[in-house]
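Peer 1: In case you want the letters, here they are:
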Amino acid sequence: MLAEKKARARAGALTTLASALALAACTTGGGEAKPASASAKPEKTFAATPAGEPVFASTYKPFPGTPTAIRGATVYDGKGGKIENGVVFMSGSKIVAVGGPDTPIPAEVTVLDGTGKFVTPGIIDIHSHLGDYPSPGVEAHSDGNEATAPTTPEVWAEHSVWPQDPGFSRALANGGVTALQILPGSANLMGGRSVTLKNVPARTMQGMKFPGAPYSMKMACGENPKRVYGSRGRMPSTRMGNIAVNRATWLAAIDYANDQASEKGAKRDLAKETLVGVLKGEILIQNHCYRADEMALVLDMAKEMGYKVAAFHHAVEAYKIGDLLRENDVCSAIWADWYGFKMESYDGIRENAAFLQREGACVVIHSDDQNDIQRLNQEARKAQKAGLRVGIDISDATVIQWITYNAARAMGIADQTGSLEKGKMADVVLWNGDPLSVYSRPEKVWIDGALMFDAMNPRLRPVSDFELGQPGEGDVK
Amino acid sequence: MKRLLPLAVSAVALAAAPALAQDVTITNARLVIGDGSEPIAGGTVVVKGGTVVYAGPAAGAPTAGSAVDARGAWVTPGLFATVTALGLSDVSAVDETNDITADEAPFSAALDASTAVNPTSQHILVHKAAGITRAATTMLPAGSIFAGQGAIIDLDGDPRPIVQARAFQMISLGETGSDRAGGSRAAAHTLLRAALREAQALVGKTAIPETSEIARGDKVLLGRFDAEALVPVVTGKQKLYVDVERMADIRAVLALKQAFPKLDLVLVGATEGWLVAADIAAAGVPVIANGLLDLPETFEQLGATQSNAGRLARAGVKVAVNAATMQNPRRLQQVAGNLVALTKMPGASGLDWNRAFAAISSVPAEISGLGGKAGVLKPGAFGDVVIWDGDPLELGTVPTRVWIGGVQQDLTNHQTRLRDRYIDLDESDRPKAYDW
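Taken in order, these protein sequences are the chains called L and V. Take any residue in the first sequence, note its place counting from 1, add 3, and you have its number in the working numbering. Take any residue in the second sequence, note its place counting from 1, add 1166, and you have its number in the working numbering.
Only chain L is shown next, with the shape it has when bound in the complex (with noise of 0.2 Å):
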């Protein structure tokens, strides 16, 4: 029985094999590409898709929506601003008006009463790895690490999302979360690049990825990279290494990206094209580093070798240097309250966020759990009443800010979302209170428009394909 499966299971690789070849064939000269009868000797040269024109390209299209208006709720639109009893309009998947009382509705619409409630754009969760490190978490799901060389800018994270993790559909529901960024893990220098989703459920990742989003590439900093390497006696063992290799690496692709640019060209190399991308500006660097010092070396390096710093993640060491992060033009994204766990966690304090606000840079609340996904609006909150402790006063509204257009800017994607505001992406939640009190919850997520979490109606809730037929399959969660 054992072997008859096994044949059955090489059987069905080799077909795979064959029809991936066959689409390979496809793929070169474009329509050149003739059948080959058998006399006529086959001429035909393989080439790739080139580098750089998209590939595991997004097949993500919004779902339906019906035109809706909600109206008397107390509006944060995500750059800092606050309508009370306001008005947002979503129409066609797009935020067609954002504003008072007065704001005009058409008369056919769908008016939802927003009394007592909140509305915010989709709440977005720059530093993920939902898919890579989904639920369950057993060794054979564990795909988020490439530990296997400290620099790994070839891979790439959505090659091992997966899309039945039963982690979106919770970071959906409780945390209305819209659009979130899946990192590789940090025990690499270069772990590879990031993907942007829209936290819909699919049976693809290309379902999911977004449209249009740029590509980040996450860097780390410290104890993992040195610990991970320096335990099997390679480089880096030491933040010396750490910098070193990594130096050297730039100093590569820098000339990868200059034969290219030549008339030698460059053959092909998947590793140096992402940082070549990066070196463009086409590709951001999330860099997970916690230590002050350390972030000013990142930043010294980046100017070395030409390339900008989107966002230092984790940063528990920010607030020491929230001068230096303003005037170089760096997000910190961060969490309220982790701390001590590493020895370059324990200086992290509750006050981060605010020192940072108050030296005028960008703050983002990030999560790194598959938990605390579920509660970044919690987490925002528990910041802000630090600062205020220390009398730094921070609006409800700047506070909604950093977990969704600042998160947006960092990745990339705040011409499209993070904020309500005529022509965007209709990323909302309509939250039954105050998101910024612990006794609130998401009441219904749009995403483009469509309403794809309703708390109010159990059958608006996803379920993944490993939850069915398991126990508390379709419970609230």
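No lab work stands behind these hints: they were computed from the structure. Here the structure is a predicted model, which means the values were calculated and not measured. Certain hints may be false.
As the list claims (entries may be wrong) - Here are the simulated BS3-like cross-link-like pairs (lysine-lysine), alpha carbons at most 27 Å apart as the crow flies: (1) Lys85(L) with Lys1510(V); (2) Lys85(L) with Lys425(L); (3) Lys1484(V) with Lys1403(V); (4) Lys345(L) with Lys1598(V); (5) Lys306(L) with Lys283(L); (6) Lys1371(V) with Lys1428(V).
With chain L's structure known, arrange chain V on it following the hints.
Peer 2: Quick look at chain V alone, frame taken from chain L:
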């Protein structure tokens, strides 16, 4: 450059002089007793000789010691955190500082966490500043299914942190226990039952135990001192905390009582507890429940839902919030607040505010054997009182004053000192290192 010298001097003074309980009368409180009852407006708390002598309406309250006007602020008993590893590590990922696991040790059940507690650990000081005044602290199972004996501690930072040593034995069944026992739940249960039988055979004996060792390779799963340490467990004198998640595993734990009727069981985690809530209630076994876990992170947590605690409570189970599955135990308030939020969600089950607060104060104290003494403001209880700057279950609410055993606490710690140093980035006179 800023002052702060007076503060530093007072910190030194505090460290040098033994703190004495001072009698205090707190009036004008929005008073939470902690037992699940409604808050009392304009309440009074009187602490005398380190013990609560009165907590209730202002009318009829005695007075003692210095007067504190709470000005309408929330006043509650100190929070009781269970299960934690407070005092057992400085930085968990830095091995040298970590006493939570002892996987190389030839002991398991005999390990006594109270011998390792560091009362001046920053984690203790940080959590005291978050209103947690007492905690159950334990090691985690490493070499065997037995983690060893956990302690009840206070968080006042004085040289005597132990409220009760060897308060409970902690074991893991389910996936962790299976792994520690050699790779199957059946192995974990066999080891547990064998160990309890060895312990039964030692009841009443005082000599050095001569039980033979149960080992696997060079790993001792049960040594003779471990068997001896299980004597109070099998005789019901020491609680047995069982870390277990899956419905079937919970049933298997409840069934232990048939062979060992005196076991004083407590379930820890119990993610799928709601699926066997009636059985747990009928067995009278309390649960230290995961509050907000709602993902099938393991195959023993397939039924995970945030409504677990609420459903257990509705079935009549005594439920405390488990601090072990949160980022750090100062999130107890937040988790309890979320359980309140669930009461507004269609189809969900939560706890009302009063019961949610009790689930992080009096209930965990009762489960720990400190009913009426901790987590509650009643005559005879420890003088652990917290005045808060807002609703204690709301996000970011912190204590303004904390008393433990009637002693007002210094709330400074490494984090508050960093906060004070970086309140600005001004280094125009001297580097930050001189700013303390």
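Peer 1: Now tell me, hint by hint, if it's right for this structure.
Peer 2: Here is what the structure says about each hint:
Under the criterion of a C-alpha separation no larger than 27 Å, the hint pairing Lys85(L) with Lys1510(V) is consistent with the structure, at around 25 Å. With a C-alpha separation of about 16 Å, the suggested pairing of Lys85(L) with Lys425(L) holds against the 27 Å cut-off. Only pairs whose Cα atoms come within 27 Å are accepted, and Lys1484(V) paired with Lys1403(V) is accepted, the gap being roughly 20 Å. This hinted pair checks out: Lys345(L) and Lys1598(V) have alpha carbons roughly 24 Å apart, not beyond 27 Å.
Simply put, Lys306(L) and Lys283(L) have alpha-carbon atoms about 14 Å apart, close enough for the 27 Å limit, and the pair holds. Straight-line distance between C-alpha atoms of Lys1371(V) and Lys1428(V) comes to about 18 Å, which keeps the hinted pair within the 27 Å bound.
The structure shown violates none of the earlier numbered hints.
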